[in-house]
Amino acid sequence: MIKPWSIADQLGLPLTAQVDQLREQVTALGHNPDSSTFRVSWTVMRLVLHRGDPDLHAVTADDVEELRATIRTLDQVPGIDEVLSPRHLTTIKNAWGTNVFRTGIALFHAGITDRLPQRLDRKPLPPLSPEPRIAAVMDRYLVERALIVRPDSMSSTRAAMRRLGIWLAQQRPAVENLAELTRADLLDFMTWLGGQRKVKHPEQPLSDVYRRSIISEVTVFFRYGAHAEWTDMPARPVLTRMDVPRAVQRVPRFIPAHQLEPLMTAIRAVECPLQRCALLVARWSGARRGEIRRLHLDCLDTYPDGTPRLRLAAGKSLKERTVPIHPEAAEAIRRLHELRAGHQDRGIHDRDTGKSVRYLFLNNGRLADVEYLFAVPLGRICDELGILNAEGKPAIHAHRFRHTLGTQLAEKGARTQTIMKILGHLSAGMSMTYSQISDPVVLADYQAVLQPGAAIAGPLADTLRRGQLDQTALDWLQTNFYKTELELGRCLRLPQEGPCECDLYLSCPKRS
1 MIKPWSIADQ LGLPLTAQVD QLREQVTALG HNPDSSTFRV SWTVMRLVLH RGDPDLHAVT
61 ADDVEELRAT IRTLDQVPGI DEVLSPRHLT TIKNAWGTNV FRTGIALFHA GITDRLPQRL
121 DRKPLPPLSP EPRIAAVMDR YLVERALIVR PDSMSSTRAA MRRLGIWLAQ QRPAVENLAE
181 LTRADLLDFM TWLGGQRKVK HPEQPLSDVY RRSIISEVTV FFRYGAHAEW TDMPARPVLT
241 RMDVPRAVQR VPRFIPAHQL EPLMTAIRAV ECPLQRCALL VARWSGARRG EIRRLHLDCL
301 DTYPDGTPRL RLAAGKSLKE RTVPIHPEAA EAIRRLHELR AGHQDRGIHD RDTGKSVRYL
361 FLNNGRLADV EYLFAVPLGR ICDELGILNA EGKPAIHAHR FRHTLGTQLA EKGARTQTIM
421 KILGHLSAGM SMTYSQISDP VVLADYQAVL QPGAAIAGPL ADTLRRGQLD QTALDWLQTN
481 FYKTELELGR CLRLPQEGPC ECDLYLSCPK RS
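For what it's worth, this note's numbering labels the leading residue of the sequence shown as 1, then goes sequentially.
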């Protein structure tokens, strides 16, 4: 049996010392030191032997990815069944892949490789249409849209193209070119879409929101092709914005007080400092999940008066912003910053700023996952507190903290501009939604009419109930009653009730 580490020491190679440094690096990033001892040694020796270069600093990120790809295709190696049991092959592939993945993270933060290993290997996507000319146009559109649209938004565009491709294959199999489609064809597509089912849940129909998203994306697709004068597309847009179904204007679902108090108590007891800090920041800043996840390590400072101030990363609006933050959330950030101070991590490239950034929410050397920061702890808390929806799923998600803060600001009389600034809205209409939830004028009018003891009639109502109307008032009513049948009507307001406050022809309640 070859013992490469003993041979390396006999040759005076520094591999042992370098691997010890990598182990310390992995442990500092939060990995289990017991398992890291074996994983780093296992991976480094294979990388060095494969390259034939004893210098560890000669290893590249491509070498790491090549080793991972080889492990993924381990079952295709001739004679592998004679060495490894087929029954354990899947488990071995996963274990070896984890070894290389975590070592790749350590190599990056040690400054040896230039990029982090990818978390998952993306499988090749199936063609959007069986017709080559149609698939080529759709692929071209996706490539050009990806130049200006954020990667997170491209999934909805691809999903719409896939639905259009399915419809063409099923309902228009003779169509070989999108230029053959007419407006009537696309209207048939919209009708067909209403009867489709979800891919992952075939028993459920498509929601109205998702169906509207597909129609909107397809409309943009044909308009884009017409404006670009693509020969394989209709010369004019076959659908317009008027064809997109109207969306239901929903009221933001804020968290009511009787749920918010126990929820916050449970959040303060969350063990993981990353999850606890992320949820507290969501509660007191109203920021979006992606904005919180990508907070920089130096995101917290103070206003001149000492009030904590949070600098949020660019999110959906592509704008950074600074907002005041509650002392409770600020303290959670400071504690997490103290923990991060012991990490010897390297800055990760930020695609929006184009610079290397040290992030606050770093988990095992990588940017923490959104689901880990928000969905996992909230799901556990909702199960414990019994806060579930009609389907038995957690009723609280991170975005409801944003709605809660916006509603509270509106209820306390904050200006629309202030709500826009804190929540990062691009238009005043988005922020005014929260003002409409707790409109004080509507509440006052409602209570003035329906609350106990509210006056719902004039001062003579009690007199009429008791039958104590005097003869003079009775004669006046008898004299003027028939005049109400005239073309312009007649007001039956008694002289004792005083002058009328409204115009007769508009909204007088006593006009007959």
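Any given hint could turn out to be false.
What the hints assert, rightly or not - Here are the simulated DSBU-like cross-link-like pairs (lysine-lysine), alpha carbons at most 35 Å apart as the crow flies:
hint: 1; residue 1: Lys93; residue 2: Lys3
hint: 2; residue 1: Lys355; residue 2: Lys198
hint: 3; residue 1: Lys355; residue 2: Lys412
hint: 4; residue 1: Lys198; residue 2: Lys93
hint: 5; residue 1: Lys319; residue 2: Lys421
hint: 6; residue 1: Lys393; residue 2: Lys198
hint: 7; residue 1: Lys421; residue 2: Lys355
hint: 8; residue 1: Lys198; residue 2: Lys123
hint: 9; residue 1: Lys421; residue 2: Lys123
hint: 10; residue 1: Lys319; residue 2: Lys355
Since the hints were made in silico from the structure, they are not lab data. Every value quoted in this text rests on a predicted model; they were computed, and no experiment measured them.
Structure-based check of all given hints:
no. : hint             : in the structure
1   : Lys93 to Lys3    : 23 Å, holds
2   : Lys355 to Lys198 : 39 Å, violated
3   : Lys355 to Lys412 : 40 Å, violated
4   : Lys198 to Lys93  : 33 Å, holds
5   : Lys319 to Lys421 : 11 Å, holds
6   : Lys393 to Lys198 : 19 Å, holds
7   : Lys421 to Lys355 : 25 Å, holds
8   : Lys198 to Lys123 : 21 Å, holds
9   : Lys421 to Lys123 : 41 Å, violated
10  : Lys319 to Lys355 : 16 Å, holds
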